[in-house]
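Undergrad: Sequence:
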Amino acid sequence: MQPLKYLSAYSDQTQQQVRLLMDQGRLSETLLKRYPAAHDVRNDKALYQYVQDLREEFLRNAAPIDKVMFDSKIHVINHALGLHTSISRVQGGKLKAKHEIRIGTMFRDAPPEFLRMIAVHELAHVKEKQHDKAFYKLCTYMEPNYHQYEFDVRLYLTALDVEGKKLWGA
Numbered sequence: 001m002q003p004l005k006y007l008s009a010y011s012d013q014t015q016q017q018v019r020l021l022m023d024q025g026r027l028s029e030t031l032l033k034r035y036p037a038a039h040d041v042r043n044d045k046a047l048y049q050y051v052q053d054l055r056e057e058f059l060r061n062a063a064p065i066d067k068v069m070f071d072s073k074i075h076v077i078n079h080a081l082g083l084h085t086s087i088s089r090v091q092g093g094k095l096k097a098k099h100e101i102r103i104g105t106m107f108r109d110a111p112p113e114f115l116r117m118i119a120v121h122e123l124a125h126v127k128e129k130q131h132d133k134a135f136y137k138l139c140t141y142m143e144p145n146y147h148q149y150e151f152d153v154r155l156y157l158t159a160l161d162v163e164g165k166k167l168w169g170a
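The opening residue of the sequence shown carries number 1 in UniProt numbering; numbering runs sequentially from there.
Since the hints were derived computationally from the structure, they do not count as laboratory data. No residue lacks a Cβ here, since even glycine has one placed at the ideal position from N, Cα and C. Every clue listed holds true.
Mimicking DSSO-like on lysine-lysine, the simulated pairs with C-alpha atoms at most 30 Å apart in a straight line are:
{"id": "1", "residue 1": "Lys166", "residue 2": "Lys33"}
{"id": "2", "residue 1": "Lys94", "residue 2": "Lys127"}
{"id": "3", "residue 1": "Lys129", "residue 2": "Lys45"}
{"id": "4", "residue 1": "Lys73", "residue 2": "Lys5"}
Estimated spans, in silico, between C-beta atoms of each pair:
{"id": "5", "residue 1": "Asp109", "residue 2": "Asp132", "range": "27 to 35 Å"}
{"id": "6", "residue 1": "Leu83", "residue 2": "Ala37", "range": "24 to 32 Å"}
{"id": "7", "residue 1": "Lys98", "residue 2": "Arg26", "range": "39 to 47 Å"}
{"id": "8", "residue 1": "Gln2", "residue 2": "Ala97", "range": "40 to 48 Å"}
{"id": "9", "residue 1": "Gly93", "residue 2": "Gln148", "range": "41 to 49 Å"}
{"id": "10", "residue 1": "Phe58", "residue 2": "Thr14", "range": "28 to 36 Å"}
{"id": "11", "residue 1": "Gln13", "residue 2": "Phe58", "range": "31 to 39 Å"}
{"id": "12", "residue 1": "Gln13", "residue 2": "Gln52", "range": "38 to 46 Å"}
{"id": "13", "residue 1": "Tyr141", "residue 2": "Thr14", "range": "19 to 27 Å"}
{"id": "14", "residue 1": "Lys137", "residue 2": "Gly164", "range": "34 to 42 Å"}
Could you put the whole structure together from the sequences, leaning on the hints where they help?
TA: Take a look at the structure:
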């Protein structure tokens, strides 16, 4: 029995339920029933606006986001769905920080809930650098269903591993 690498932190009972769905060939079906369609954010410009709208709604006083893009170099294998980077530069006599958010290209054809969860996660890093209690509190403030969506993203990644095909999009 191969380990469920994306679900290893979850209880044995939860993992058994996922294995049962996999054995019955219903994991993808379950996800498609819960999330029937992909989002309509198709390019970097639309993604930038999407993230800016979230930032404006929840983090008005946070530092501005300078760049947002889909990135084909982000791989789940490296334990990343998205990245938040902060680059500091000296301009004149001032220290300026530029914030960038990159989201894995594999989520270009994912449900809107998955995109929102990843965007919220990366935006939370603007205020909270570590994955601690304050970080997750901020995530659930911006998206009350954050933990459910994170779990479902892990189910999707498991389905991709097992079945090798995308569920949404091309």
